[in-house]
Every structure is written in C-alpha cells, then in structure tokens.
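Trainee: These are the residues of each chain, in order.
There are 2 protein chains.
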Amino acid sequence: MSQNIIRGVIAPILTPFHADLAINTARYIAHARHLLSNGCAGLAPFGTTGEAVSLGMDERMKLLDAMVEAGIDPASLIVGTGLPSLPDTAILTRHAVGHSVAGVLVLPPFYYKRVSEEGLYAHYSRLIEDVGSDGLRLYLYHIPQVSGVDLSVPLVEKLRRMFPATLVGIKDSSGDWDNTRALIGIDGLTVYPGSELPLIEAMDLGVPGCISATANLNAAAISKVIRLFDEGKKDEAQQAMEQVKAFRLKIQAHPVIAAQKRLLALTTGKHDWAVVRPPLVPLEESAGHVLASELMVELGFDLSEPAVPAQ
Amino acid sequence: MSQNIIRGVIAPILTPFHADLAINTARYIAHARHLLSNGCAGLAPFGTTGEAVSLGMDERMKLLDAMVEAGIDPASLIVGTGLPSLPDTAILTRHAVGHSVAGVLVLPPFYYKRVSEEGLYAHYSRLIEDVGSDGLRLYLYHIPQVSGVDLSVPLVEKLRRMFPATLVGIKDSSGDWDNTRALIGIDGLTVYPGSELPLIEAMDLGVPGCISATANLNAAAISKVIRLFDEGKKDEAQQAMEQVKAFRLKIQAHPVIAAQKRLLALTTGKHDWAVVRPPLVPLEESAGHVLASELMVELGFDLSEPAVPAQ
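Taken in order, these protein sequences are the chains called A and B.
Counting along the first sequence from 1, when you hit position 181 you're at 181 in my numbering, and nothing is skipped either side.
Counting along the second sequence from 1, when you hit position 137 you're at 137 in my numbering, and nothing is skipped either side.
If you are wondering where the hints come from, they were derived from the structure by calculation, not from laboratory data.
The structure presented is a predicted model; accordingly, all values stated were derived computationally and were not measured.
Note that beta-carbon positions come from the ideal geometry of N, C-alpha and C, so glycine has one too.
Computed spacing ranges between beta-carbons, pair by pair:
{"id": "1", "chain 1": "B", "residue 1": "231", "chain 2": "A", "residue 2": "287", "range": "56 to 64 Å"}
{"id": "2", "chain 1": "B", "residue 1": "7", "chain 2": "A", "residue 2": "68", "range": "47 to 55 Å"}
{"id": "3", "chain 1": "B", "residue 1": "236", "chain 2": "A", "residue 2": "157", "range": "57 to 65 Å"}
{"id": "4", "chain 1": "B", "residue 1": "100", "chain 2": "A", "residue 2": "62", "range": "25 to 33 Å"}
{"id": "5", "chain 1": "B", "residue 1": "249", "chain 2": "A", "residue 2": "294", "range": "53 to 61 Å"}
{"id": "6", "chain 1": "B", "residue 1": "302", "chain 2": "A", "residue 2": "129", "range": "37 to 45 Å"}
{"id": "7", "chain 1": "B", "residue 1": "286", "chain 2": "A", "residue 2": "68", "range": "47 to 55 Å"}
Isolated chain A (complex conformation) (with noise of 0.2 Å):
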C-alpha cells in the first residue's frame, strides 16, 4: 500500500475570525494558499495553533470542505480530528478520509487523566474499527503539556505494530528530545517534530520535516533549511537554521498563537487577525509593537512584506 509522506515543513494553520469570533473562511483559504506558495510542503489544519477544539464540529468540518473546494490539494493535508470522545472523533476522521487527505492527526481522548496504556491502546484501536476506511492514514499527536495525556514510546510501538497500514506516523510536540529520538527509532513510523528546534538533528536521523507553529510565518526560511539539508549541504543548513531557532525563541516568549495573530494583524492591516476565541486572550497591540520591532531589528526579519495577501 503506497504512502504518501509529506517532506518539508507543515503549517498547523492559524484560524482567523472576525472580530464577533466567526470564522473568516476566505481569509483562511487566502492564507493556506500563500503558505504553500511560500515554503510550506503541507498544512495541518485543526492542530493546537489552529485553534481546532475551540471549533465546533460542523464548522470543521465546513471549513475543510471549503478548503477543497477552493482547490487546495487534499494530499497536502493532515487533519486534525481528535476529540475527548470516540464517536466525534470518529465522525471527523470520516469526513477528512472521504476528502481523501493525506492523513488525520488524532489526539489522545484529553479529558480524564492518569488514563492506561490499556485504555489509550483501545481508543485509537475502537477508532481505527469504528472509522472501517482503507483509506485511514492516521498520526497520533503526542502534545502531553497541552492535553495532558501521555503516548509512551511502547504505546506507540504497538499501536504501530498492529495497525501497519493505518498508524504511519506521529507529531511528536513534548519538547523532548530524548522522547522524539526513541520515537524515530519505531520501525516504518513518520515522526514529525512539533518544533522546528530539533529538526538537523531529527533529520540526520530521517525524519522527512516537521509541523511547527511558526511556520504560519517563518515557512520560507525552515524551508530553505530543510532545502539546503536534503542538496548535502549540511554546514550551510546550519547556518539558515540559526535565524530559524531565534525566530522561534522569540515567538515563543509569548503565547505562541496569539503572538502570530498579532504579527499578521500589524504586518496585513487587518486587524481581526488579532482575534482568538475564548479561552485564549489575544496579544496586546503594543506587545506586537515590542515583538515586531525585535524581529526586525535583531533578526533582520522582513515584516514590511504582508504574509498574507490582502483580504
């Protein structure tokens, strides 16, 4: 059975709204449009940074439709399709497999905690059951600071074990190195970093890119890393990827979604690109000042261009 694997960096996609919380569905499109122009491999659209479970089911599935219909290419999409219970998530990851995606990205059931390997094992392996597609190319996201559930490294060996066909992959946002390394080392299994920190490192051990937040503004230059990897070129990689990481590390001083909003709300001129829904907060104007300022000026980051075309 083919896979298709995307290579290069993923944007989790920001979901912008208007200012009464909707969502601003031509703003979205208009934006997956010019990351993929712009350095982005493949989306991720309904991660963490896309705001996903702050969404309701039917505008996700809505928004993906929209997607598609606009032209956007399904095989460069992992979905996000995770909820707290088997049957919405299996709704989901239906709807994303009859648009023929390149795979979904399925979080743990995040409300109760201190859940069982047992338990975890039977989740993903009831929704694999329930969801019945060939067609089912399923990533775990393993995001513990955030939903509070861990995916151990034997958990997901043997999910990986039993469902080869389906269970090709893994984001893998815990930060932790150590964790990502053990993961690569699962046999046939994609890994994804969650940051674009690790990525010579996880690279060098063949992972074929990563999904990183910052990539909704920084895609061209992790792009020309992973470009500069892949020709051999690895002292040069190297190089590129220290504006990469001080990008990164000053982005992430702040709330990481909120913070990106704000950038696209001074750099575009469209200010409800600052919103975020409840229960995010969004960045302060004159903390987007500050941070804009440092970008530019300390990292020489081009903010003058609009990342986005005017919509």
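Given chain A's structure and the hints, the job is docking chain B onto it.
Mentor: Chain B only, in chain A's frame:
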C-alpha cells in the same frame, strides 16, 4: 425570577453501555428512576462519572430526549453540557434548556492549560450570550484535577455578579474545603460540593445538598444524613455520616466509575454494567469481589439488594 434549587443528594448518573460500547438506554432510564425513588432529589446526567465526554454530541442529546420522553421530570435534572468549544457547548446547552431542565452544569474549556481568568470569563459570558435564553440556569463545574483548568473564587464571583439571573451555582469537586467554603460565601450562589465527605460542614453553611459519584450506589444513606440534618438531629446525622464516609473511602480507593459499574454488574448479575468506554478500563471482576466483600463485611452494606431493577 424564581429558581428551582434542588435540595438533597444529586447523582451524577452512571451511563450503562452494552458490550459493544453502545449506550444501554433502557438501563439508563431504569437506573435514573431507581435513583429518584431511592434517595436522590435530582440527577446530573453527563458529568465526569457519567463518562459524558466519552459520549458523542448526538448520543447525549438523544439520551436526554429519551429520559424526558420516559417521564423523568426535567426539573430534577442538572445536565452537563460543557465541551472544549463554544459552538458545541452552546448546542448542548440550548438543547437542555429546551427541555426546561433545572440547570446545566458547564465545564470550562478543558484543552488549553494555564489560560487566563479573562479568557475563561469571555468563554462563559459568550456562552450565556450565544444561548440567549431566560430559561438558562448555569452551574459552573469546578474539577481542576481532571479538567486541568481552575475556576478561581474571584472569577466565580465576577460571573455571579455580572449574570445574577443566569449564573446560579457551582459544583465544586476540587476536594479543597477552603475553596468550597469561599464559594459558599459568594452572595446568592448555590454551591454543591462534589462529594458527600464535607456534607454536614457545608450544610451548616447553607448548601442545599451535594452532587456525588457514590450516590449511584449509596443515595439512600446520603439522603438520610440530609434528612436528619434538616430535622435538626445533628448528632444522628453525624452518626449516619460515618457509614457514608467509610463507603466513599472504600470506593475511591479504586477508579470510582469502573468500581461502581463493576459492583452494579456483580449485584445485578448484568455483566455489561461493568463496561466503560475508552480511555477508561473496567475494574477486574476479582477486584470487584474483594471490594463487595469489604463493603458487606466491614461496613455491613447490603449489596444483596440489586441497586437497580433487572433490565
């Protein structure tokens, strides 16, 4: 505006499943009737104990429809409706309000962690606005050890002050008596401790009862404590409380949901009472026998009487 405040013990009713994980609606309704006839003044469907977030949205709405159609009085129900997203929480809340239930019990959005009070205030105030019904009676659901999200006393106070007709109460499952006492001090707020352990101390300060997981098995004894207290027989209430506390401590030495379901399976002979949905796992049958024996021998608890009618 008159308020229907339920006085007594309220059971966060367990959700029985068939062996294939489908909801056993007939058994659910039978259990609901049994509880209301045997000590419970009300029910809280779709709480943590009811595995609410492991149920699909449609399942939740259909099960509530079925309860009401079966003649369970909506005025006896405080219905859990909290999900991580505003739109889906609004859908469940409007549906429950449409049944004229006594109230809804609303978790904070529980995916993002370390969110601000401002963001949580925005979530609840926006929910109230979006539901837009004079019939909405909202109880906050504070269970930080599971949800990962704290509802501080100043936040609760502000919500109560800003929405006095709507924000009527809170279930405090923090297990922190200082917190429960501080909440009781908020003007006009109805506080239900999320356990029967501090019941007498809390009634001394004016609370109308408690919402406790173990009411699924021990409602008669808990309600006896409340009755004795209400009759001014405080010494007898304290004495009756000893069995109630001992029972609770025995149960909570195990995973509370799986343990009670296993006990119901053993006492009714209906084996699939023990079924829980992933990510929870059933309590081993042998552990259930040990627990049942301890409850009978050490506490003199009568488990020979099926706790629910045969179904």
